[in-house]
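If you're matching them up, the sequences are chains G and Z in order.
Here the first sequence is numbered in the numbering used here, starting from 1 and rising by one per residue.
Here the second sequence is numbered in the numbering used here, starting from 1 and rising by one per residue.
To be clear, the hints were calculated from the coordinates, so they are not data collected in a lab.
Be careful, since some hints might not be right.
[Said to hold, decoys possible] Derived DEER-like restraints, expressed as beta-carbon distance ranges:
1) T60/Z x N30/G: 29 to 35 Å
2) N116/Z x A53/G: 47 to 53 Å
3) V12/G x S28/Z: 40 to 46 Å
4) P54/G x D81/Z: 41 to 47 Å
5) T98/G x A71/Z: 25 to 31 Å
6) N30/G x F64/Z: 28 to 34 Å
7) R52/G x M11/Z: 37 to 43 Å
By construction, the Cβ of each residue, glycine as well, lies at the ideal position given by its N, Cα and C atoms.
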Amino acid sequence: DARVTQTPRHKVTEMGQEVTMRCQPILGHNTVFWYRQTMMQGLELLAYFRNRAPLDDSGMPKDRFSAEMPDATLATLKIQPSEPRDSAVYFCASGLGTWKLFFGSGTQLSVL
Amino acid sequence: AQTVTQSQPEMSVQEAETVTLSCTYDTSENNYYLFWYKQPPSRQMILVIRQEAYKQQNATENRFSVNFQKAAKSFSLKISDSQLGDTAMYFCAFMRPPGGSNYKLTFGKGTLLTVNP
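Only chain G is shown next, with the shape it has when bound in the complex (with noise of 0.2 Å):
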C-alpha cells in the first residue's frame, strides 16, 4: 500500500539545537501539507504546497521554521533554534488535490 513515509517517528533534542523532519509523499501526490498537533491548540496546519511551490505558509513562525520542497519526493520541516514549546508532533500528508489527503504516521519532536 502506498504511504506517506515521516522521519525521524521520535525526535529528542535540546533547546536550541536545529532539528529537521522528512516526509517523503505518496509518488505522484502534487499536494504536500504539514501540521502540528499539540494538547493545548490541536491540529494546525503550519504550510501548504502544491507541485512543491509553497501556497501558505502563513501559520508558520517565520523567525525559526522554514519548509521546503527540495524535489518532489521530499518535503522538510526544519526549526532553528529548537524552543521548549515547539515540542509536539508533527504530521505530513499528501494528496492529488482532491478531498482525500493521506496522513503520515507524525514526528514527535520533544525539545528539553
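For this one, chain G is given, so just place chain Z on it according to the hints.
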C-alpha cells in the same frame, strides 16, 4: 476564516451502545466538505466518514453515520454498536473545495472517546 468547534473534550460509552459526537462549524461558503477523522493511540489519522455539503443525504459507513444540518452548520457523528477498538480521539474537519489557495483541512480540537467493556 473557517472555524470548527467540538464542544465535548471527552466522552465515554459502554461497549455495544450508541454515542453521538458533536461538531459545529462556521463558514460563508456554500460548497465544502466535512470529515470525521479518528486518531487511535498509534497516532495515525484515519478517515472515518466524509460529507459533501451539496448532498442532502447523510453519509453512512457501516456503524458510523452523520447528522448533517447545513443551515445550522452542525455535523455530528453517531457510532452504533460501539466497540473497544473505537476508543480514540475523534476530529471533525472542514475543507473548502480543492484547487484554490485556501485548500486545507481545518480541524476541531477533538473529542476523546473511551469505550468501556
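Practice item. Go ahead and decide if the range 41 to 47 Å is satisfied by the Cβ distance of P54/G to D81/Z. Key: 45 Å, holds
Practice item. Can you let me know if the beta-carbon spacing of V12/G and S28/Z is within 40 to 46 Å? Key: Given about 43 Å between the Cβ atoms, the range holds.
Check your understanding: Do R52/G and M11/Z keep their Cβ atoms within the hinted range of 37 to 43 Å?
Key -> At 41 Å between Cβs, range holds.
Practice item. Given the hint of 29 to 35 Å, check if T60/Z and N30/G actually sit that far apart at their C-beta atoms. Key: Taking Cβ atoms as reference, T60/Z and N30/G lie about 31 Å apart, which means the hint holds.
Review point. Would you say the C-beta atoms of N30/G and F64/Z sit inside 28 to 34 Å of each other?
Key: Given range 28 to 34 Å: holds, Cβ gap about 30 Å.
Check your understanding: So the hint says 25 to 31 Å: do the beta-carbon atoms of T98/G and A71/Z match that?
Key -> Between T98/G and A71/Z, where Cβ atoms are some 27 Å apart, the hint holds.
Practice item. Indicate whether the distance between the beta carbons of N116/Z and A53/G respects the range 47 to 53 Å. Key: 48 Å, holds
Figure legend: structure checked against the earlier numbered hints; every hint is met.
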